[in-house]
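For any residue, its number in my numbering is found by taking its place in the sequence shown, counting from 1, and adding 11.
Worth flagging that the hints you see were computed from the coordinates, not collected in a lab. Just so you know, these numbers come straight off a predicted model, no measurement behind them. We put the CB at the ideal spot given by N, CA and C, even for glycine. Do not take every clue at face value.
[What the hints assert, rightly or not] Between beta-carbon pairs, the in silico distance windows are:
1) GLU145 with ALA55: 35 to 45 Å
2) PHE98 with ARG192: 31 to 41 Å
3) CYS156 with ASP187: 19 to 29 Å
4) ARG192 with GLY221: 11 to 21 Å
5) GLY214 with THR193: 25 to 35 Å
6) ALA240 with GLU70: 41 to 51 Å
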Amino acid sequence: MNATEANHDVQLGMPALPAPDYPADVRARLEADAKEVIARYPGARSALLPLLHLVQAEEGHVTRTGIRFCAELLDLTTAEVTAVSTFYSMYRRKASGDYQVGVCTNTLCAVMGGDAIFEDLKEYLGVGNGETTEDGAVTLEHIECNAACDFAPVVMVNWEFFDNQTPQSARQLVDDLRAGRTVEPTRGAPLCTFRQTARMLAGFPDERSGAVQATGSAGPASLIGLRLAKGEVAPGRVDHVVAPRTAQAPAEEPPSGHADAQAPPGHPSSHDAPHETSASDDDHPAGPAAKEGE
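Make a model of the complete structure from these sequences and hints.
Right, here's the structure in full:
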């Protein structure tokens with residue numbers, strides 16, 4: 012078979028047609044929102060990330076129509092918008108569930124049970140990573156660290172925290188979501204759908220009554236280190252690990268809290284010891300010796 016004959020067997024298919032536009036009423040509504048977002052930035056193209064969240068809030072994922080919409084309003088090519096939308100994992104490329112259930116499988120959560128939770132949920136729901144249950148309620152995925160290691164293992168639903176999970180509690184969580192029962196995050200605002208979350212990420216306020224006030228602050232496990240750094244008493248202890256950074260350590264108080272440890276003179280912790288650096292060395296000053304322009 013020669014090269015010409017071989018080419019006849021190649022099926023290239025029809026080229027992709029231009030993406031359809033939104034219906035006129037939807038387009039008008041989205042344009043009004045988009046112009047509000049664009050006005051926040053000195054350069055229009057800087058609004059691309061929130062605009063992608065805006066179109067995701069409309070259809071539940073970033074469609075070809077949404078990409079076309081963003082490109083037209085920001086004077087970009089669809090290739091430029093596609094490059095951004097496919098780079099960030101928070102933008103979905105296909106239809107997904109009302110609730111994005113993410114199990115942290117990064118190091119600490121994984122060893123604390125995150126891997127076991129993820130594997131159990133895949134079997135329990137009958138879906139793989141990034142797949143959606145048949146009822147369209149839950150999309151399961153593994154996620155990277157969400158800075159909640161103090162509460163490992165962590166499951167997130169539409170980016171709200173569910174701390175200290177187990178395979179059993181995670182099963183109950185997805186059961187409640189699929190049944191439409193009220194689910195309360197461990198911390199943060201009340202749970203809402205993925206599309207509602209996407210609209211907030213586009214920069215529009217959460218208009219639900221009491222939702223903003225419910226966000227709260229860091230949990231007790233996250234604040235223990237701060238309390239110790241201030242010299243406060245740790246829960247369940249009668250002393251503190253180190254003295255406050257602003258005070259001199261008493262001679263009788265070792266920095267480690269162990270009776271046989273000796274406190275270095277002049278500072279409460281080795282982290283506060285002065286270090287020789289190029290900035291403090293007169294003989295070897297930091298930075299270039301030549302003046303600007305030389």
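Mind listing which of the numbered hints don't hold for this structure, in increasing order? Violated hints: none; all satisfied.
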